[in-house]
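A.B. asks: Sequence:
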Amino acid sequence: MKKSVSIFSAIALSTALGLASLPVQAAFPSQVGDKELPSLAPILQSVSDAVVNISVAGTKVPEQQVPEAFRFFFDQAPQQQSSQPFRGLGSGVIIDADKGYVITNYHVIHQADEIKVTLKNGKEYIATKIGEDKQTDIALLQIKGKNLKAIEFADSDQLRVGDFTIAIGNPFGLGQTVTSGIVSALGRSGLNIENYENFIQTDAAINSGNSGGALINLNGELIGINTAILGPNGGNIGIGFAIPSNMVNNLTAQILEFGGVRRGLLGVTGGELTPELADAFGYDTQHGAFVNQVMPDSAAEKAGLEAGDIIVKLGNKKIRSFSELRAKIATLGAGKTIAVTVVRDGKEQAFDVTLSEAKDTKIKAQAIHPALEGATLSSTPANAKTPGVMVAEVQPGSPAEMAGLEQGDIILGINRSRTKDIADLRKVIESEPSVLALNIKRGNTSLYRVLR
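Positions -26 to -1, 1 to 426 (mature numbering (1 follows the signal peptide of the UniProt record, and there is no 0)) are the ones given, in order, by the sequence shown.
Among the hints, a few may not be true.
Derived Cβ-Cβ restraints for the label pairs, each shown as a range [what the hints assert, rightly or not]: (1) 426 to 120: 56 to 62 Å; (2) 381 to 260: 46 to 52 Å; (3) 260 to 319: 55 to 61 Å; (4) 254 to 147: 18 to 24 Å; (5) 231 to 406: 18 to 24 Å.
It should be emphasised that the hints constitute simulated quantities derived from the structure, not laboratory data.
Glycine included, each C-beta is placed from N, C-alpha and C at the ideal position.
Between the sequences and the hints, there should be enough to build the whole structure, so can you do that?
C.D. replies: As structure tokens, this is what we get:
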């Protein structure tokens, strides 16, 4: 039985790589004529250095984020609810070699006091958390390393069920491990793992510690970030889930630009398209998102969408379900204009919609600079008369309060650099000036506060 399984796998991989014409009995030597055997090794040589191991330590118990049937990969986390030290293991992916940006899962680094990133070659770095988004389970870290290797992003909207996948991560703390499989399904949702779900499902073996690792295609490009598995006993049963790369790319871009995720809002409510609804509205497929209400004064209403529309495309990408629509809109980002194609009266119509913002984006300022610890910051609205960085909250007795910051302050600049939003603020501070002279607007008064 074992031999027959191996033969089948060799045939399948030979077919995938264009070598199906080789006889089966010739599939096992190291070389057939002047052709090497099909192997994933060349692909991995170019990308495995971009996948890292992550170990964390903290003093609080991580929150339970998934139903009992699902196993997130927070290895060795204590089960008690009282506050106590904990350690965890996970994986991550370098997405910018020059700046040292590393993407991982929110649940891997949540509440960690120390985050250590270990490269494939054994080099270790202490990471700084740049930003995170609990609702999509994404976190962005930064390390200061030299000669790093980053991974390229694929267009996850082009994936098909049956495409080959490779998962790379750190299962059970063993070190970098590679498994392979296929895309088992797309647009998985309703799993109650995250608030915004649009998962790639794969049968590539994923286990505890793989969380935050890479799911790649046969071009060595990132197609997803491994996030969860379905396994009642905590082990792999061939059902794993990954956050699509397009979703990851949108979220990290927002974190870098605004300091957090500015969630887009379309302004519709609805549900999945059933066969009965499709038939009633003259639509000949079950793919799409049914709109049962358009909210007053919303982005959707302003663009001309109506109740009864069936949304079938965002841009030039097809929409399979209302859950997929919800996840993609939320991660596209506020202020983005996108073409929304609907079926109305049996005909397709396209509308340009400028997404509104779901809620204010706020971040903890200590993620930007230790001297700002205790302050919560947010970028002012896009239409604000005085664009800048708003001090939304200051904790009593914190370094931020001792530095003279007050709730309601608007940081207009640092030293002689203008700061229109959190991204500008971060850029100035990343240049590591010896002194931070904050130009602050407080009511009708302009003043400076100097931080060291």
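A.B. asks: Please go over all the hints and tell whether each is borne out by the structure.
C.D. replies: Comparing the hints with the structure gives:
1. 426 to 120: 56 to 62 Å: Violated, at about 28 Å.
2. 381 to 260: 46 to 52 Å: holds (50 Å)
3. 260 to 319: 55 to 61 Å: This hint is violated: roughly 19 Å between Cβ atoms.
4. 254 to 147: 18 to 24 Å: violated (54 Å)
5. 231 to 406: 18 to 24 Å: holds (21 Å)
Violated hints, in rising order: 1, 3 and 4; the structure is consistent with all others.
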